[in-house]
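Residue numbers (the numbering used here), protein chains in the order written: chain V, 87 to 149; chain A, 45 to 296.
One or more hints might be untrue.
Stated by the list, open to error - If you only want the chain V side, here are some residues facing chain A, beta carbon under 10 Å, derived: (1) 88; (2) 93; (3) 97; (4) 99; (5) 100; (6) 106; (7) 108; (8) 113; (9) 114; (10) 115; (11) 119; (12) 126; (13) 130; (14) 133.
These aren't lab readings, by the way, just hints derived from the structure by calculation. Where a beta carbon is used, it is the ideal one built from N, C-alpha and C, also for glycine.
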Amino acid sequence: MKEFLHQGGYAFFVWGAYGVTFGLLAAEVVALMVNQRTILARVGRWVRGPTQGSAKTASRGNE
Amino acid sequence: MSINWFKFASPAAFYPIAGRMIPWFAGIAIVLVLGSLLWGFFGTAAQLGGSNPQKEYYRIIYIHVAGAWMSMWLYLVLAGWSAIGLVFNTRLSFMMAKAVAPTGAIFTVIALWTGAFWGRPSWGTYWDWDPRLTSELILFFLYIGYIALHSAIDDTRRADRAAALLAMVGLVMLPVIYWSINCPDPTQCAALHQRSDPGSIHASILWPMLGVTLGFWSYAFAATFVRLRGIILLREADSAWVRELLQGDSGR
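Excised from the complex, chain A in its bound form (with noise of 0.2 Å):
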């Protein structure tokens, strides 16, 4: 079965595709983040470890290792439709990845709040300017360098552009953040993400982590989707389409 994609690369034809999978991923972020939650706040143990035990706190994990895979995701789909655009000069892909940077801000800032959260009982401090705290804080520096640089230049082009660019050169932040958290020297590395490989952590944990994840992952698409489809509208103004559909007033 071939698909012609280039096809769905029009705002137009777009449009109405993000408007019916909008209700879809809304559902299933809620459905998977609350039936998550639930499983890993009453299925599992009150304490972990031996002499040093992770005490209640340790349930910030589902949010935290949720939100920080979701804010370095999100940069990569942010970059990765920048330099779509950039090469293909294709409209929709600059209007994506306009549309999916403040969510990724947002959860940028999830990872760094809920990790001070959970820094605060197990290391005693809210911050440290170690790298995987700092490279984080990097991040969404970049991702809020984006929104502004994309919202000071008035031209709408010539933003896409510029904000492209600047996305792909922060690409550079990512490994340096993957890499300070999933260290590969354990004997090089602070204390607590040293032990972040899926194979350690116990499946009643595991579980409801990635059920977050993937949670926030769906609702990162309805959300992105959302705002898309205000771009589009505001963008494709002048457009046959845009008459036609909202001299229906309708909206969808």
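In isolation and in its complexed conformation, chain V is listed as follows (with noise of 0.2 Å):
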């Protein structure tokens, strides 16, 4: 295991590159998620909300 870890005194260079890329993906996974919340949580507002005018006339600029 410590072996595997050291990667033949390369371990900065493996694990660096591993890390962020997949570091970088697990950022996007929990981005889309809070975003996919937001959104649903945002129109689920405009389709019950007690205003009865349309989803449109709610300020929500460029998605």
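Each of the two chains sits in its own frame; use the hints to bring them together as a complex.
Listed below in structure tokens is the structure:
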């Protein structure tokens, strides 16, 4: 195990590359989940909202 | 068997289909990437080559090549949906293009970063302004340009078309990157990428590399579809089907 983590002395490069790669992908997954929840809540509010007007009248900018 | 593809071109029809496919793509991505990396790390030699060997750092190849391929492929997808959107004026195509751009940008960063971390131990430098690195960096700026231009224009339809045009103009970069890596004349190219044709790579490295690539591709599908569903909901918020969908509050 120790030898595996050591990667023949190139641990910094190997794990630096892999760490950032999977860190970025994990960050994207988290961002997507947060974003999806926000959108569902926001559109849900427009749909069920007390103001019976069009959802488009609510300011939503460029999504 | 004939399928009416235009039926799926409606956001209302594609929204639930994308939702059903996301867990499959996510699952396939996890299995393929993990399996391939286990093989790639434990089923291969610690060193490659003779007099000037690639040491353990060559294992960056699995994510580097996969990331670089995905960065180019996703740009092709982005430009392709942009073109289809401009020609047929189909709403879903523009949404697809917009949904794929951030994932493509992330894979471009991955290709650049892992390339730097591979370049340092093998070439002695993190960065060099040679054609492949520079053109990959320009590809990253194209993704950022597409995203920035789209978000800078308030009117969604205008933003779609302006950004789509930019994406198609940027398409000229793809052959430049491709041929600066897969050099047609090896004597004209720098040392490392010239042996990058699949035939000269050992099977125990080639297969994990392809496995990670397919895994990343599957991941890209899942991430794009999640983002696409969000875009569809926001843009179709006024429509009856979204109203029905969200009245139940389940969001499925």
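Evaluation of the provided hints:
1. The interface hint given for residue 88(V) is violated, since its Cβ lies 14 Å from the closest Cβ of chain A, which is over the 10 Å cut-off.
2. Nearest Cβ of chain A to the Cβ of residue 93(V): about 4 Å, under the 10 Å cut. The hint holds.
3. Taken as an interface hint, residue 97(V) checks out: its beta carbon lies about 8 Å from the nearest beta carbon of chain A, inside 10 Å.
4. The interface hint given for residue 99(V) holds, since its Cβ lies 5 Å from the closest Cβ of chain A, which is under the 10 Å cut-off.
5. Here the hint on residue 100(V) is kept, as its CB sits about 6 Å from the closest CB of chain A, short of 10 Å.
6. Interface hint status for residue 106(V): upheld, as the beta-carbon distance to the closest one in chain A is roughly 5 Å, under 10 Å.
7. With its C-beta approaching chain A no nearer than about 8 Å, residue 108(V) sits inside the 10 Å limit, and its interface hint holds.
8. Interface hint at residue 113(V): satisfied, since its Cβ lies 9 Å from the closest Cβ of chain A, which is below the 10 Å cut-off.
9. Given hint, residue 114(V) at the interface with chain A, holds; its Cβ is 6 Å from that chain's nearest Cβ, closer than 10 Å.
10. With 10 Å as the threshold, the beta carbon of residue 115(V) comes within range of chain A, its nearest partner Cβ sitting at about 7 Å, so the hint holds.
11. Interface restraint check: residue 119(V) against chain A, minimum CB-CB distance 8 Å, threshold 10 Å, status holds.
12. Look at residue 126(V): its Cβ gets to within about 5 Å of chain A, closer than 10 Å, so that hint holds up.
13. Nearest Cβ of chain A to the Cβ of residue 130(V): about 5 Å, under the 10 Å cut. The hint holds.
14. This hint holds: residue 133(V) has a C-beta 5 Å from the nearest C-beta of chain A, less than the 10 Å allowed.
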